[in-house]
Amino acid sequence: MTLPVSQTLLVCPEKGILHITLNRPESRNSMSLQMVQELQATFAWAANNAIRAVVLRGAGGHFCAGGDIRDMMTIRQQATDNPQAYQHFNRTFGHLLTQVNSSPFVVVTVLEGAILGGGFGLACVSDVALAKADAQFGMPETRLGIIPAQIAPFIVQRLGLTQARRLALLGLRINGEAAQKIGLVHEVYADNEGLEAALVRVIQDLQQCAPHATQVTKALLQQVGHQPLEQLLDDAAEAFACAIQSAEGMEGGMAFVQKRAASWVL
Amino acid sequence: MTLPVSQTLLVCPEKGILHITLNRPESRNSMSLQMVQELQATFAWAANNAIRAVVLRGAGGHFCAGGDIRDMMTIRQQATDNPQAYQHFNRTFGHLLTQVNSSPFVVVTVLEGAILGGGFGLACVSDVALAKADAQFGMPETRLGIIPAQIAPFIVQRLGLTQARRLALLGLRINGEAAQKIGLVHEVYADNEGLEAALVRVIQDLQQCAPHATQVTKALLQQVGHQPLEQLLDDAAEAFACAIQSAEGMEGGMAFVQKRAASWVL
Amino acid sequence: MTLPVSQTLLVCPEKGILHITLNRPESRNSMSLQMVQELQATFAWAANNAIRAVVLRGAGGHFCAGGDIRDMMTIRQQATDNPQAYQHFNRTFGHLLTQVNSSPFVVVTVLEGAILGGGFGLACVSDVALAKADAQFGMPETRLGIIPAQIAPFIVQRLGLTQARRLALLGLRINGEAAQKIGLVHEVYADNEGLEAALVRVIQDLQQCAPHATQVTKALLQQVGHQPLEQLLDDAAEAFACAIQSAEGMEGGMAFVQKRAASWVL
Chain A
61 MTLPVSQTLL
71 VCPEKGILHI
81 TLNRPESRNS
91 MSLQMVQELQ
101 ATFAWAANNA
111 IRAVVLRGAG
121 GHFCAGGDIR
131 DMMTIRQQAT
141 DNPQAYQHFN
151 RTFGHLLTQV
161 NSSPFVVVTV
171 LEGAILGGGF
181 GLACVSDVAL
191 AKADAQFGMP
201 ETRLGIIPAQ
211 IAPFIVQRLG
221 LTQARRLALL
231 GLRINGEAAQ
241 KIGLVHEVYA
251 DNEGLEAALV
261 RVIQDLQQCA
271 PHATQVTKAL
281 LQQVGHQPLE
291 QLLDDAAEAF
301 ACAIQSAEGM
311 EGGMAFVQKR
321 AASWVL
Chain B
61 MTLPVSQTLL
71 VCPEKGILHI
81 TLNRPESRNS
91 MSLQMVQELQ
101 ATFAWAANNA
111 IRAVVLRGAG
121 GHFCAGGDIR
131 DMMTIRQQAT
141 DNPQAYQHFN
151 RTFGHLLTQV
161 NSSPFVVVTV
171 LEGAILGGGF
181 GLACVSDVAL
191 AKADAQFGMP
201 ETRLGIIPAQ
211 IAPFIVQRLG
221 LTQARRLALL
231 GLRINGEAAQ
241 KIGLVHEVYA
251 DNEGLEAALV
261 RVIQDLQQCA
271 PHATQVTKAL
281 LQQVGHQPLE
291 QLLDDAAEAF
301 ACAIQSAEGM
311 EGGMAFVQKR
321 AASWVL
Chain C
61 MTLPVSQTLL
71 VCPEKGILHI
81 TLNRPESRNS
91 MSLQMVQELQ
101 ATFAWAANNA
111 IRAVVLRGAG
121 GHFCAGGDIR
131 DMMTIRQQAT
141 DNPQAYQHFN
151 RTFGHLLTQV
161 NSSPFVVVTV
171 LEGAILGGGF
181 GLACVSDVAL
191 AKADAQFGMP
201 ETRLGIIPAQ
211 IAPFIVQRLG
221 LTQARRLALL
231 GLRINGEAAQ
241 KIGLVHEVYA
251 DNEGLEAALV
261 RVIQDLQQCA
271 PHATQVTKAL
281 LQQVGHQPLE
291 QLLDDAAEAF
301 ACAIQSAEGM
311 EGGMAFVQKR
321 AASWVL
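Residue numbers (our numbering), protein chains in the order written: chain A, 61 to 326; chain B, 61 to 326; chain C, 61 to 326.
Take these hints with a grain of salt, some might be off.
Computed footprint of chain C on chain B, listed as stretches where at least three residues anywhere in the stretch have a Cβ under 8 Å from a Cβ of chain C [what the hints assert, rightly or not]:
#1 144–154
#2 196–210
#3 224–236
#4 298–306
Stretch-level coverage of chain C by chain B, calculated; a stretch enters the list once three of its residues show a Cβ under 8 Å from a Cβ in chain B [said to hold, decoys possible]:
#5 95–102
#6 215–223
#7 252–261
No lab work stands behind these hints, which were simulated from the structure alone. Just so you know, even glycine gets a beta-carbon here, dropped at the ideal spot from N, CA and C.
Looking at chain A on its own, in the form it has when it is part of the complex (with noise of 0.2 Å):
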């Protein structure tokens, strides 16, 4: 199955890992309706192309500035005839979160620039999140008399209550390292050499981890809270037995035993 064509992004698969990068730096790659819906499809082959890994980033020194002024400008043009475009245009990005959050890949974000709105909503979908430390996050949509609607729940679920509210009611603009103090993100380095040795050395970690086992895991971890606590448990005893006796399972315990690296690790 080849790459779907792409107009707003660059994509190049490499020994298993997915680079993607938002490419449409003249607008520091705002979020088009084109391009929500090429990162759908892109995701959608990754996740059934045996793609380990995707790393996402953007052209030309920004992540992402939020959603396209344009196209919500073409949409208010048309409103008359269509009152319910913003809504689909809205909609349409939160289905393109959920689907990041679950991906059965991990998730890698290298954040640059600009990181507002509907952007700063995909770097805490991500599972790794590295950043500049000069890097601008923020949520400006009330100070322009709007809302930050469909990341909200993603924001939430990762700075919790506290620091979502104080971000988005004031709407701040916050630095690499206030964003890793608040768990935004991960990892943080002052310039683009530390950043770029930090993505090589995710990459060799995440090239440890064995694939399934990695996609059962974050199954697991993203089902916590949302079934009761002996059931799920139950589930993962279940989901252990299968793991430790697969083949996966097999050559993991073979390997350690024999002190050598796993099939899998390349």
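Let chain A serve as the given structure and place chains B and C on it in line with the hints.
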């Protein structure tokens, strides 16, 4: 509608901001039943009078030292006649916490001196919490043979279970810097000048934000986790479409394009 | 009632505190089925014998290196006869985690050396976690082709989803200082002297707190999020009225007024 009369509070509206000062400095602003009821009336007034934010602080260098001992001793003397008086006293404070937590405006707390028991609970339901570095935060209840009852859910929501367990079970006190590290407060200042300057800045920030959009955003954040994710995202998309087509949304969009301040910026 | 006999644990009651030392240093205190069952019996004994706190640590410089490899190899050899043995082995450890998490006394962990897999899970269900700066925390499961199954919900509850995803999906190890920054442990010390002094202080702190009030508070905190807020607050008000009218509540109030230590302070 005139402000409710209050004996335990100093209340001062100024440009859409309501400044409330707990004013029982002789008892470090401990929470009497009267003070709780006057706060309820004042917050209800604010919700009906286009207030954009409440700034809550204490007179005399303390925020609030917890429940009022004198009230509790009075109840003890009357307890044979009214065994449910303790329960009512306690539960009323919980109603206040729920009211403040879900109030339709931004709540800013300025935290100095003692922030204990019920005062600790109030800090936990503010949208923005500014503290002095030498402030003393704590839940001393278990050291007094009683329990942190009404504040418990708000503490857990604010700090997470891990920090809540340690602080409540050991009856510990922590200072402002430690409070910031565990996510209880957002900003900490060594001296009064720093604290007051921060308050001025927070008020300026919140005045940049559209009042109605702020109210809708606050309600949306509070809704997270209380309804299924996909339904919440559907509702949020509808709210987004309303917001962008509202007077605020139109003004916000125009102000952005015209590179000027929006009409709601004071 | 005498303490249950134990081959894998050192157990020592002292002034209402039960000191439990995982004592399989030859395997870095890895969790055998026998050790799990002996911990279950010992925690059950403590719950029925007026124990105010359990201090849990490991012999030989390590806390616990995870599930016992020898037990798992034995199961592998028997697996054709008993395919559910893995599931039972795994699920039993989950029952222990639930038991420790909801135990009616304060649980303090002292974390040195390896805190891996199941050991990581045990750290996550303690009320107070003290660590050495050079301790090694990690979930290596996915690197072994298996999954962090029973510990998953307790990890997410302790660290939040954001940190849990990164650590579990990359199979990372972090030291004590990093563990404190993400809220896994409360206090970190560079040397043994600092760690032991902290433990003495924690024990002094918890002995300041009324035993029954502490028990009720712990149960209340755990209840948050598991019943509707207003109902929880109603129940909490009733529990408050009980507490303040109890022998502990009367003694606590009198000790406060008389500026003396309460009777439960050792």
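Problem set entry | chain B over the region 215–223 of chain C, status - at least 3 residues with CB closer than 8 Å | holds (count 3)
Problem set entry | Coverage of the region 196–210 of chain B by chain C (three or more Cβ within 8 Å) | Answer holds; 10 residues pass the 8 Å Cβ test.
Problem set entry | chain B covers the region 252–261 of chain C, three or more CB atoms within 8 Å, holds or violated | The restraint on the region 252–261 of chain C is violated, since only 0 of its residues have a Cβ under 8 Å from chain B and three are required.
For this session: Count the residues of the region 298–306 of chain B whose CB lies closer than 8 Å to any CB of chain C, then report whether that count reaches three.
Result: violated (count 0)
Exercise. For the region 95–102 of chain C, does the count of residues with a C-beta closer than 8 Å to a C-beta of chain B reach 3?
Worked result: Our answer is that it is violated, as 0 residues pass the Cβ test (under 8 Å) against chain B, missing three.
Problem set entry | Whether chain C covers the region 224–236 of chain B (at least 3 residues having a Cβ closer than 8 Å to its Cβ atoms) | holds (count 8)
For this session: Count residues of the region 144–154 of chain B with a Cβ under 8 Å from any Cβ of chain C, then say if the count reaches three.
Result: holds (count 7)
Hint violations for this structure: numbers 4, 5, 7, all remaining hints satisfied.
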